[in-house]
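Work out the full structure: start from the sequences and follow the hints.
Protein chains: 2
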Amino acid sequence: MINKITIVFFLLISCISKNNVKENVEEVFSIVIHGGAGTMSRNTMTEEIKKQYIDKLDEAVSAGYRILKNGGSSQEAVEKTIIIMEDSPLFNAGKGAVLNYEGNVELDASFMNGKSLNAGAISGSSSIKNPISAAISVMKNSPHVMLSGAGADEFANNQKLVLQPNSYFIINRRLNSLKSAKSKENPSNNLEQKIGTVGCVALDKYGNISAGTSTGGMTNKRWNRIGDVPIIGSGTYANNKTCGVSTTGWGEFFIRSVAAYDISALMEYKGLTVSEASKIVIHEKIAKLGGNGGVIALDVKGNVAMEMNTEGMYRAHMDSRGNKKIKIFRED
Amino acid sequence: MINKITIVFFLLISCISKNNVKENVEEVFSIVIHGGAGTMSRNTMTEEIKKQYIDKLDEAVSAGYRILKNGGSSQEAVEKTIIIMEDSPLFNAGKGAVLNYEGNVELDASFMNGKSLNAGAISGSSSIKNPISAAISVMKNSPHVMLSGAGADEFANNQKLVLQPNSYFIINRRLNSLKSAKSKENPSNNLEQKIGTVGCVALDKYGNISAGTSTGGMTNKRWNRIGDVPIIGSGTYANNKTCGVSTTGWGEFFIRSVAAYDISALMEYKGLTVSEASKIVIHEKIAKLGGNGGVIALDVKGNVAMEMNTEGMYRAHMDSRGNKKIKIFRED
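Chains as they are written, first to last, in numbering that gives the first Met the number 0: chain D, 0 to 331; chain L, 0 to 331.
For the record, the hints were derived by calculation from the structure and aren't laboratory data. Be careful, since some hints might not be right.
The list makes no distinction among identical chains, and a pair is therefore deemed to hold if it is satisfied within one copy or across any two copies.
What the hints assert, rightly or not - Simulated crosslink set (DSS-like; lysine-lysine; CA at most 27 Å straight-line):
1. Lys278 to Lys68
2. Lys326 to Lys94
3. Lys269 to Lys287
4. Lys114 to Lys287
5. Lys181 to Lys139
6. Lys159 to Lys324
7. Lys300 to Lys178
8. Lys269 to Lys300
9. Lys326 to Lys287
10. Lys324 to Lys300
11. Lys287 to Lys139
12. Lys284 to Lys139
Below, the structure is given as structure tokens:
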């Protein structure tokens, strides 16, 4: 009788302590997104347009948050979140991407997995509905990291990804931007026409960071120009040892600065925080070269950085600690 | 009379001291090149073939050395030196480049100026005779850093660069390599078919570093694959603050490692020498991911690193101190 009571007692204690352990382990997860940095102004942005962006950012970041909360991987969260922004005509990625010199859409995207350091990218696609999924597919199902042009489209087709005619991506707003860019003497100096991109960095409950970025590039771009977005180290980088990064802005400067990897290197080699490293890259390195743009980054503890040297950056963040931020202007 | 003697005396002293100053200022310049890292073997390489490589490496490095010695810029030295290797069928760049899945040549190249941090690159060209010149032209004459495919060819044509039909680049040896790659179950695992590239890093008398890389990429590559060579930060990087770098090897691993910039970051942020940083990237970082290849690098004092984790790397070095090395195998 005493033995039975003792056993029941120990089982009870064991059960209680197990529950306590479970409660004490904080399941940290975190997600941050951007929808492009640029020269947006409070004076010219109507409340209606502002609401459209806020609502879409909310929808995208919440979708990724739910995946992470339910135990999904950071890779899945990044892919699904970016798809929502690619499918929205509000952003310069997927449907609604900017137009090149010939009046066509050419899409770039990249993805990196911070655990395996595997990566995939596509550039110059004229038909892949969701370039972020193609980038992940290149990583998973090809011996290569980066595919381009017609080859990227052919690969996506082989992978049974959804393709669309170029007309699917083209919206009136971008036709007008192209017209305006062509009417100017030096279109490359118009900041508004070379920025705007979507990106997402996520940390899942298992401590794995993923990062992805997707864009139509720069209005009026020529000669199959490739910007920073599909370049691992410039537009996208992820490493569980340090952080995940997605950039947006005048891509040429982010390539020359190797911006995304530089944030990781400043953390790994100089012991900076993700916030300090992001500030240095955006406000010192990129700015010194004359470049403009922004960056989102996330470290392995879920700390977030959202830095820009432009007037604003569409951005949002949610995490397991109950933080939720959705912002547009720099001073927000 | 005394006044005249005094003047002559002072003029003499002044002349002697000027000559002394001139003699004491060491005009440091340095150049290092590679012609690809790979699985070359002493047993299978005939003396005749070995001599061909040694002679061509000598011709290329000497041409760059003369430019630097005569006060030319590191940019000119890198361009002219790489052109000699692109024009030779011995290397996987320009004439003699490897063939893609469809049996065509697709050429990649990049260049970076360590003073301005300007850069240019082309990828997937099927007609540019000297891709390194096109990369420099993108840097100088376009608002972009990286152009690709037919757009890169169109840009080069606009710039009056020499174009050639694809047949100009194709040699029998590469046709056989493609046949052999296609006959194997998993061609991507054959190291010999994915490496071999040319590169050059130079430091001129004015303290400016330039770096450039040029390649045909990987035998049997598909879907307009882009390797590390045209990617600033992966295949090529230059910064007067730290070093210039050109890589060669299994490109996918150099992209995922952001290899070229990582050498610079290890020097800038951790205070490592160019030799220490190159060793870490090749023998620790690249090797840990399972990648193979090599790197050449040069710091602002003219110190050189030539590291590889393969059996050999065609490489040569000359500098203002009278050093001259031409090597093939790792233990050379």
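Next on the checklist: With identical chains, the pair Lys287 and Lys139 could be close in the same copy or across copies; at 27 Å between alpha carbons, which is it: within, between, both, or neither?
Outcome noted: between (37 Å within a copy, 19 Å between copies)
Item to check | Identical-chain pair category, Lys159 with Lys324, by Cα at 27 Å | outcome: neither (36 Å within a copy, 52 Å between copies)
Checklist entry - Checking Lys300 and Lys178: alpha-carbon separation at most 27 Å within a copy, between copies, both or neither? => result neither (46 Å within a copy, 50 Å between copies)
Next on the checklist: Cα distance capped at 27 Å. Does Lys284 pair with Lys139 within a copy, between copies, both, or neither?
Outcome noted: between (33 Å within a copy, 21 Å between copies)
Checklist entry - From the Cα coordinates, with 27 Å as the cut-off, is the pair Lys269 and Lys300 best called within, between, both, or neither? => result both (18 Å within a copy, 24 Å between copies)
Checklist entry - For the identical chains here, do Lys326 and Lys94 meet the 27 Å Cα criterion within one copy, between copies, both, or neither? => result within (22 Å within a copy, 53 Å between copies)
Item to check | Homomeric proximity label, Lys269 with Lys287: Cα distance no greater than 27 Å | outcome: Answer is both: 20 Å inside a copy and 22 Å across each meet the 27 Å cutoff.
Item to check | Up to 27 Å CA-CA - Lys287 versus Lys326, copy category | outcome: Within one copy only: 26 Å inside, 40 Å across.
Next on the checklist: When Cα atoms must be at most 27 Å apart, do Lys181 and Lys139 count as within-copy, between-copy, both, or neither?
Outcome noted: Between copies only: 21 Å across chains, 39 Å inside a chain, cut-off 27 Å.
Next on the checklist: Within a copy, between copies, both or neither: which one fits Lys114 and Lys287 at a CA-CA cutoff of 27 Å?
Outcome noted: between (32 Å within a copy, 13 Å between copies)
Checklist entry - Checking Lys324 and Lys300: alpha-carbon separation at most 27 Å within a copy, between copies, both or neither? => result within (18 Å within a copy, 49 Å between copies)
Next on the checklist: Within a copy, between copies, both or neither: which one fits Lys278 and Lys68 at a CA-CA cutoff of 27 Å?
Outcome noted: neither (29 Å within a copy, 42 Å between copies)
This entry does not satisfy hints 1, 6 and 7, going by the numbered hints stated previously.
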